[in-house]
Every structure is written in C-alpha cells, then in structure tokens.
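All chains, please: the whole structure from these sequences, using the hints.
Number of protein chains: 4
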Amino acid sequence: MIGVAVLGAGRMGRIHAENVAASARARLVAVADPVSPAAETLAGRLGADASTDAQAVIRRADVDAVVICTPSDTHVPLILAAARAGKAVLCEKPLDNDLARVDASILELEPLKTPVMMAFNRRFDPTNARIRTAIDAGEIGDVRQVILTSRDPGLPPRDYLAHSGGIFRDMVIHDFDTARFLIGEEPVEVFAFAGRLVDPELVAALDDYDTVGALLRTGSGRQCVITCCREAVYGYDQRVEVFGSRGMLQNDNVRSTTLRRSDAGTTDAREPLLPFFLERYAEAYRNEMDAFLAALESGAPMPTSPVDGRRALRLADAAAESVQTGRSVAI
Amino acid sequence: MIGVAVLGAGRMGRIHAENVAASARARLVAVADPVSPAAETLAGRLGADASTDAQAVIRRADVDAVVICTPSDTHVPLILAAARAGKAVLCEKPLDNDLARVDASILELEPLKTPVMMAFNRRFDPTNARIRTAIDAGEIGDVRQVILTSRDPGLPPRDYLAHSGGIFRDMVIHDFDTARFLIGEEPVEVFAFAGRLVDPELVAALDDYDTVGALLRTGSGRQCVITCCREAVYGYDQRVEVFGSRGMLQNDNVRSTTLRRSDAGTTDAREPLLPFFLERYAEAYRNEMDAFLAALESGAPMPTSPVDGRRALRLADAAAESVQTGRSVAI
Amino acid sequence: MIGVAVLGAGRMGRIHAENVAASARARLVAVADPVSPAAETLAGRLGADASTDAQAVIRRADVDAVVICTPSDTHVPLILAAARAGKAVLCEKPLDNDLARVDASILELEPLKTPVMMAFNRRFDPTNARIRTAIDAGEIGDVRQVILTSRDPGLPPRDYLAHSGGIFRDMVIHDFDTARFLIGEEPVEVFAFAGRLVDPELVAALDDYDTVGALLRTGSGRQCVITCCREAVYGYDQRVEVFGSRGMLQNDNVRSTTLRRSDAGTTDAREPLLPFFLERYAEAYRNEMDAFLAALESGAPMPTSPVDGRRALRLADAAAESVQTGRSVAI
Amino acid sequence: MIGVAVLGAGRMGRIHAENVAASARARLVAVADPVSPAAETLAGRLGADASTDAQAVIRRADVDAVVICTPSDTHVPLILAAARAGKAVLCEKPLDNDLARVDASILELEPLKTPVMMAFNRRFDPTNARIRTAIDAGEIGDVRQVILTSRDPGLPPRDYLAHSGGIFRDMVIHDFDTARFLIGEEPVEVFAFAGRLVDPELVAALDDYDTVGALLRTGSGRQCVITCCREAVYGYDQRVEVFGSRGMLQNDNVRSTTLRRSDAGTTDAREPLLPFFLERYAEAYRNEMDAFLAALESGAPMPTSPVDGRRALRLADAAAESVQTGRSVAI
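Residue numbers (our numbering), protein chains in the order written: chain A, 92 to 422; chain B, 92 to 422; chain C, 92 to 422; chain D, 92 to 422.
Since the hints were derived computationally from the structure, they do not count as laboratory data.
All clues given are correct.
Examples of chain D residues toward chain C, derived with CB under 8 Å:
#1 Ser353
#2 Gly356
#3 Thr357
#4 Asp359
#5 Glu362
#6 Pro363
The structure presented is a predicted model; accordingly, all values stated were derived computationally and were not measured.
Every residue, glycine too, gets a C-beta built ideally from N, C-alpha and C.
This is how it looks when you write it as structure tokens:
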C-alpha cells in the first residue's frame, strides 16, 4: 500500500483524497491545509491525520507520495520539497503560470529523478482514453483534424478570474493538453481570437477574455480547432472529435440519466449536461489517481510529466500572444 | 408508358395521382370521382381527363391500370370490374372489411389472372425495405421478436370512426401487415387488449377502442408485439424494431429537419415528428407506385396481393375477437 | 450508524456488502455464508466479521438489519428469523417461488411489524426513478401504455435454469414489478406467448422458454407490453417507454463510454451495452441500499414490501398459466 | 408563370432545370449548352427547347429569368448579358474567382437594377433556414460562436482541382457564406491554417491544399470556426453549430434512412451519410429555386445578392492570404 498525503483541502483536494481513500493500492495518510478546520474535516471523514504544515507532512516517513492541490503559486516549491524528500508527486495543473519558473523547476527536478505526474484529468476520461487507444490501433488511420469544444457552465467569480492567469492559462490549457494527447504530433504553430461576450465589462477590467477560438497546426499539417466559452446555459459542454483518414471518433457530452422526453413541442429531448468538472470528470479523476498509483507500484513511467505541463502552458502563452499581435506564434 | 387512371380524388387519390404524373414509367390518363369538382381539380392540375364515371374510365382503351382510392365498400366491385376489363389494379386497403366478401372476391379474381396489388405503403418505406433486405441477407440471423409502435397524432372525427370498421381493421391492420412483412413466418395465434383512454365516451358509443396492445405468435415461436393509440401529442409515431439471433434493426421516427436544440432546461432536443401519414410515408408512396409500375412493366409478380390483404384482415378480425373473448385466436 | 449483516456472499451479496461498507448511514458488521472462505474473503476485504452461521449473525446485538442474498428457498425462513429477532430486512427477490408459501409468510410477518423491503433494483435506476417522478408531477398526463424491453446477454447455465423457477418467475418478474411501478394502476389481466428460440432443446428439456412476449391490462384499460429474451448478442438490453396523454418518456440503454464512431460503412455507431445487471444497475443497487437505510433511519415506510414481491410473483404465475391455456388470466 | 432558361446542362444545370420544371411558379422554356447533345437530352426530357447559343436564349421574349450553371469564367459576361436584356438571374457561385472582376461587374450591374441572386444553396437547407429563423426569434439569445464542419467524400479529379481556384475559393467559400448567414455580423478578421494530408503530392503540385482550419472574428468578438477536408471516408459531412447566450442549435448530418443497427460489436449504428451535395442538398436546391421564383413573383428583394458572393470571395481570398503570411487578414 502506497502512503499518500493530500496537500490542499479544497475542491480538488477532496476529490483526490476520496479517490486515494477508496483505492486498493493506497492508504490516505494525511491531509494538509493551512486552514485547520478544512484539513480536519476532510481528514477526519476519511480516517487520515490532519495538519496545517505541508512541509511536515511531506517529510513523514509513512508518506510515499503527495498530491498537490494547493494554490498555483505554491506548486513549484511543494513539488521541489517533495522531490528532495524522495516522494512521488501528482500535481494539479499548472506547474506554474510563468514559463520561466516552469523551466527552472523542470531543470531542478531532473536530477532528483522523482516520479512527477501532472494532473491532466481529461486524458483519463474513459471515452478520451478509448479514443487514444483506437487511434493507436489505427482504427481511424492518420489523424487529420481534432475539434475540441469546452464551455463552462458559468463565469467564475471576479476574484477567481483575477488570479486565474487568464482564460488561456486557466481554461484553454486543458484543451491544449487534450490536443497534444490526441493529435499525435507536437503543435508547431498557434493562432487565436478572443472575445468578451459573456461579461464584457468584467473581463475587460481584468484584461482577460471569456470566449475563445484557437487553431493549432502540427509539422505535418494536422489541425486542431478549439472553441471555449466561460458560460453555457445548457451546462458544462465537453466534446471531442478526432477525424482521420479512415474514420472519425467523437466523445459526446454526459448526462446523469439516459432519459429521452417527447411532448407537444419537442421529441427525444435529453436531460441537462452534468453541472461541472467535478461531476463530469468524476470517473476520470478516479482513473487518473489509479494510473498514478499503478505507475508508482510498477515503476513504469508516469503517464504525464512536468514537460507536458510545460508544453500546454507554452501553447497557452502563444495563444495569448497571438491575440495581442494578430499573428500566429511558432512553438 | 403505362396509362393509369386514379379512381377517387380524396387524400390518397391525390397522392397516387401525383406520383403517377411524376413517374417516368406512366402517364396519368384520367381521374374519376363522383364529386365532379374534386375530379376536375385534380385532373386539371395534372393534365389528365376528369370523369364522374369510374366504370367508364376503367373501360377506356388508353387505361392500362387503375388505382383504387374510393370508399372501402366500393373496392371489390371496382377491382372486379377492372379485372374483367383486363386492367391491372393497385388498391388501397382494405379489399373489404368483411372477410367472407374478401374470400369470395379473391376466388372470383383468381381465374381472371389480373395483376392486383394491395397498397400496404409501409413495406415501401425506405428504412422498412432496408430492414427486410438486411434480414434476407442474414444480417441479424433468425428473427425472434418484432416490436411495432403506431400512434396517430389525433383521434379522427366521429364520422370517420363510425365507418372505419373499428381500430383493428382500420388502423392496426397496417401493423399486422408490417408484422407479416418482417417476421418472416405466418402468425398462427393472436391476442389483444384494447382500451378507451383517449375519448372513452365517443369510442364506447361506437363500440370501438382507441388504445391497443396486440401479441402475435408464429409457428416456430417468434413473437410480434404491437402497440397502437389514436392520439399522441408529440406527433405521428411510427417505429419498428426487429430483434434477431445476431443483431437488432430499428426504424426510428422521421422529422422534417435534423435540428438539435439545447437550452437551460434540455439538451439535444429534436423537432416534432412529421404530422401524419401523408408526410411520413411520402417517399413510401412514391416507392410503392414505382414498385407497382415496375412489376407491370417487367411482368414480375406484384409485391403484394389480395391474399396479403386477406391475411392482414384475418389478423385484425382475430384480434378483435380476442378482445371480446379474453382468449387467443388461432389463425 | 445502522449495523448491517449481509447473508450470502455470492454476486449479490458482494454488491450489497460493498454498498453498505461505502454508506455513511451504515456499518457492515458481518457477512454470513455457509461456504466459509466466501464469507471470509468478502468480510475481510470490507473489515467485517465472517460467519458460516446466518442465524447467529441475525441474533448479534450490533446487527440492526440484514440483507438476504442467499438461495431463494432460504429467503422465507431467514426473513422470519430476522423479523422475530426484531431486525429489519432487505431481501433479494423472490420471497419464494411458491405463491402459497409467500402468502403464508406475509401473514406471519404482518404482526411482527418488521420493516421488510424487497430488492427490486430497477425501481432505483436513476432514469426509472426520474420517470416515476415525472409521471407523478403530471409531466406526461395520464399513462396509457408502458413498453418494457429486457434481454439478457446470454442464456444462463443449465444448472441455473433448472432451479430458476422458469423464465417468468426468474426473469420477467423484474419487468412485472417495473410495470407495476410505472403504470400507476394494478394490472387486472395478463396474457403471454413464450417461445424456444435461443436453445430449443435445452429449454424444452427443462419445460421452460427463452423468449417471451407478455401483455398486461389495468382496470382502466392501460396496457403494458413486455418483451424478454435470454440472449442478445449486442448485450444486456434494458429499455423502458412510458406513453401518456401529454407526452412520452424513454429510458435508453447505458454504455460505458459516450463514444461515437463513423467509418466507411457506418456512422455514429455507439459502444456495446454494459455487459449485465451488475454493471448496468450498479448505481441502482447503491440507490436501493441508500433508500433502505434512509427509510430505516427516518422510520418512513419501506419503498417496496413483501406484498410487492407477492404481486410480481402473481403476475409471473399468471403469465405462465396463460402460456399453458391460451387464455388471459385475471389477477 | 415565369419563363426560365437554364444555361449549362451539367450537374447543377440538371438540378435547377428539374426544379424549374416541377415548380408551379415557373415554366422551363429552354436549356442552353455548347455541347448540343447535353442540352438536347436535358431539354427533351423536361419538354423545353434546346440551344447551343446562350446569348440567343437570353434574348428570347418568353424567357423572364436565367439560371447560370456554366463554367465560372463565363458567369460575369452571362449575368451582364442577362441584366442588359432585363432578365432576372440566379447564378451559381462564384460570380468570378477574381475579386477585381467581381467588383467591376457589381458596379456594372448596379444601374441595371436587375434582380440577381447568388446560389448559396446551404442557406436554403431546411435545418439551416430553421436555425436562422430561431436566431432571429431570439431563441438562443446573442450568437457567440459558429462551428462549421465541411468534409467532401473524396478528392475531385486533378483536372477539376487545377481549375477550381483553390480550396478556399472552391470549397470553403460555401462555409464563409454560411458563417455570414448565421453569425449575424460581418466578419472583420480571418485566419487559416491549411494542410496537405489527403494527397500531398497532387495538391502541392497544384499549389493547393486539401485540409483547412479557418477562424473568423466579427467586430463584437463573435467567432466562427471552420474545418474542411477534401475527403471523408464516412461520406459528405455537413454540420453546423450555433452557440448563443441562451442556447445552442445544431444541424446534424442527413442519412437516406432512419435505420439503427446493433450487433455483437456495436450498437445504434446509423447508415452512411448521403453521398454528396446533389443528394444532401436536394431539398435546399428546391427551396432555393422556390425562393428565387417567389421573390420574382412578389418583387421582393432577392434573398442573396452579388454582394454576398463578393463578400464570401473576399473571405476566401483573405484566408488564402493568411495561409501564406501566417498573419490574420483584416476585411
């Protein structure tokens, strides 16, 4: 059994802590959060120790791996601390919102040889994983185009937005990683348009955007198209399409029931989409944790790495730059 | 070019006349209807002669075939007249609502060797025809169960109902023919329940029903289930399912667009179904006419015969008897 | 926390034991099974005591409720033992396969005032439950017809079939309960056809059938149609349709992914259905256990009762009788 | 009845001639084609005169309107000839592949006050038209993003490609028009990536591309994303999605049947898509012709104009330029 500590008892911390607790591969040893009651509630419920001192938790002898779900600007120091202590790491994105700091931390991590996995949950969605397997098996031939649709159910609060790093680093970054995961070749060029259509005043005040269209190109000419919006009245819209020389694979949205409804005005209407990522990717989070623990158990390479985080961030930065300059940006 | 006369200028007469007029295999020679303006309007619009005398039209030398769309009780005399005059016949169902008269007319028709086709339109629906072809090709192995859903958009007027012969002979008869068409074996036993749920007072006054569930069994034990209702608020519901040892084929409902709509309360909602049979089976009526004319041209056997009409009627009678007796009826 | 013992460590015992162990409302105290290693493995994994003596487990002071997942012929004695010991019961169907014994046990249970719930899992499927709620809210007006499709992925082994009580008591009984749950009125008449199409030799040798069509009628004339088959190559087919005066609700099949696939021969193809009931109704089993525990906590009436078990069995017996006699059977 | 001549007896000429012949608003007077047998076959079949002299046909007194389906480089001279002769025009796209010539011809047409409609068929697809109506009715609030997918079934022959004007002017131009039709605001900026993935050698030799991703932006920040490919093994893929502040509307693909198929490996598989534009847009072509004739009858403005053709071409040129420069192009 792998001893796991979860750092950060917020939304993602709760998810990961529950998945660790439910896993047959691991034991939840401790939960750390500077807000003592948050740590205690979560730890208490799952039979783990609570602490307000992440560094102390990292050093515990019975902790083999840490899951980092703290605010973004603490990710690098915590990863490095864990790595230096010889602990494996599963870290929520981003490594950092600053590319230079990311590069520096990757350099520093390298010689420490610690397994570090970046939590790109969408790769572990069962349908996305199935698509990747099908592509690898040649089921749709050579990939030509990837079309990603990502719309959040509603604009986050002003305070969240102000510290988010902007829509590209906060939201579209997931799609950039999914693009890399599915297109099967590194993007070499990025272009994006960004609009202020949901709450123009608010996002303009933050020098941010709420609605984005982005285009990626790989060296061989494959294309990926991404559309994102911070608000969709019909729920959390998460779709994937991969078009290849021999077929097409699509990941539809998920609902909580399989109900269809027909009445005087409409037929075969389906239920609203799952509300947001916690529900939509619940199975992906379980699979992600399992993949992390299974790799630790077997000593296999981690399914994702800080370099993946770095590359997604680089695409996000490039897209943001493209919006400023009206030019595509080479990667 | 086959010279065709259409007898009866009502709803079905108009459909058939238009399909004859548009066919490259035929010429619409005349339209007959006792109501002179009805005949004239239809004939005039399609460049044919109008007449109030069906018998005279049948006798015309330039008429090779007649399409009978007159009231049910005139079908037998008109078919016999046409047959005696050596003219081919496409006749709307039923041959007659009385099984004895049907049997007598079949006996009388036999020696006349006239091609007579019964207009069971649903066999010519492109999807139903595709299902039949797939079954013949062994694509779903041995048929085990056929599930038919037939719901009209609304209760017909009292006057129509009073002369309809009852829901089994008027409405469910189409499903009995579809069952025979798809199940690939003659039904040998029938059972039905019938209810009064749409307009209990009206249908009770007419000694009729408006909602029906029927079960058929073939000699080898295959089953067909039919559910019918005279009213469905979401439109004309026409679905077919054939379940076999190696797979299942389903014929979904048809809409006028391919629109899907998502909003705050619902996702992927589709448009209402096509209103009623004229729209839903427009393509089936064209294919039906073409199959009739093609068989005439080539001398091939008609795709359906009076015996098919007889068998569907027998099933309808048996179902009605079953409702009275609470016993299944052997065919 | 409610102390729960699970009697029987087979497939269903495992499911229920896991759901008890994961519930915040209960504690899994013990698992009993005459096969000692079966009890020990399951109990050990979930941190409960193992026993080969069900009666001793029932008597334990820390056991407030028992879940009965033992062979059918032990259900009545175990329920009665639990009831006499003042323990609540969740019992897998059937109470017993013999109606007289069922009636006797219900009479015996009555004065003991023990909460006894029959485990009709399909009522707790999220979509079926949603349909029931929608009907209660008047969303589709008055129910007219219920159409149930139940096809197992494959014929069970001969040994299972030989002790199953026949397809009506073993398999169709679930649909009879679902019919009662959704149609909103007690069925008063039943008719069925049964065939031997999957493995004619085997099922004939057992005086059983493998393919069934059944029709129910309520007092007001509502109808329910059920089609069942012991084998479907495309997987465990579980569909529900409720048609009412103001609309229609349908419960589609469930897949493990939301993948759609298009290639040279086909478009929008979806993945196979979930393999069988353990997977298909995983969420229903969780909801069922929660409903049982929540009713115990609050003292509310159980959502289902032995009388529900009795009524479903009565319908199964009537359907089997109808197959023998060719007559509908009044309930 | 409006007298109509069709110029050009190729694929599009045949479609339009048939729709004129079937229309109650018009009479097909003549078909002109320099290849005499082509004109004669088509005209003969539809009861019209045949000619090899388009100019003579334009001048006929019984010709009120001409439909131009000739090679692209003859469009401008024929439109101008018709306009000078006071005849209305329905012209296949493009007006011309050269923007300067288009501008000159629009200037020349202006004072002639002839009704000229550009044949952008997709606007008349029933579902696209329904989407436009729904947007106008405010059903999805403010449009934010339009996602267009256009994939041809297969690469056209080399000879066609060589004279096509390139993928942007030949193929993507339809999507640019659809974008303008649906987004409800003029695009002000365009960017595109283009690849050679279907037949790299052939399209490189022609200095063309076969796979395209394009992004448009309107003044208020709305976005349109277009993905095109010259080949899709699963058929002619034509999808539209419009996402707005209050909902989303999608136009799915069209099949020739409503069949669903389930077997051992797959469930709910649908039939292949309609083969190509002649089949996919058959109803759109009928509606387009009817809109043209109805506008002529009523004197209402044409639903599309040469300026629409000009704007779509401008977007195509801009997209092509963007591929060369790696910069977005302002319109």
